[in-house]
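Undergrad: Note that the protein sequences, when read in sequence, are chains A and B. Just so we're aligned: 542 in our numbering is position 80 of the first sequence, and the numbers increase by one with no gaps anywhere. Just so we're aligned: 505 in our numbering is position 43 of the second sequence, and the numbers increase by one with no gaps anywhere.
Some hints could be false.
Given that identical chains are not distinguished, each listed pair holds provided it fits within a single copy or across any two copies.
Keeping only pairs whose Cα atoms sit at most 25 Å apart, straight-line, the calculated PhoX-like set for lysine-lysine is [claimed, not checked]:
1. 488 with 477
2. 498 with 464
3. 501 with 464
4. 568 with 509
5. 509 with 571
6. 488 with 509
7. 571 with 501
8. 488 with 571
Keep in mind that the hints were calculated from the coordinates and are not lab data.
There are 2 protein chains.
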Amino acid sequence: MKLESRFWMSVEGEKVFGRGPYVLLKTVDRLGSLNKAAKELNMSYSKAWAIIRRAERLLGYNLLTSVTGGADGGGSCLTPKAKDLLKAYEGFIEEAEEAVEMIYDKFFKDI
Amino acid sequence: MKLESRFWMSVEGEKVFGRGPYVLLKTVDRLGSLNKAAKELNMSYSKAWAIIRRAERLLGYNLLTSVTGGADGGGSCLTPKAKDLLKAYEGFIEEAEEAVEMIYDKFFKDI
Chain A
463 MKLESRFWMS VEGEKVFGRG PYVLLKTVDR LGSLNKAAKE LNMSYSKAWA IIRRAERLLG
523 YNLLTSVTGG ADGGGSCLTP KAKDLLKAYE GFIEEAEEAV EMIYDKFFKD I
Chain B
463 MKLESRFWMS VEGEKVFGRG PYVLLKTVDR LGSLNKAAKE LNMSYSKAWA IIRRAERLLG
523 YNLLTSVTGG ADGGGSCLTP KAKDLLKAYE GFIEEAEEAV EMIYDKFFKD I
């Protein structure tokens, strides 16, 4: 038997941020484009855009800024606040998963 | 922003035990009957029965035993292994939720 866990953040019961938006933002950060990120994740551009807009609305700040020009004709990059959010989420997930594994082992070792 | 978490146990990717079966078993334990527990939880008897059977199959042991006779014409009670499982789950959930809250506060206090 193996422990599985899922964590997300909510505001007034509405899901604000979790694994989905995290993966999307990480991919935008790597590829420099929401369009390319959506393609890589087999997601429609409109769905990717909706995920970002929803998170931005609930968080109350922008996650992406548009970059114009350049060889690729522009793209998107993460705002400093989005980078802080990803960093916090990564730190949290790493420590939380380690902690719950230990607690799980403690209670379920004889089960 | 508030942290939400969900924990469950799996065997080879299949969900074995989590909040749903936990609440069902606790209710059976309190009411002494799977039928009454299903009614209280607004669940069909066949669904409640399927949840228990599935968990039993994946865990490899019985969770409920039938009690016959008595004023109510019989019912169900939890096996000792089911009681151990509930106790482990409760201990785990309590400590895990406290731990992840603390870790969340640490990483998200300035977010």
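Undergrad: Looking back at the hints listed earlier, which ones does the structure fail to meet?
TA: 2, 3, 4, 5 and 7
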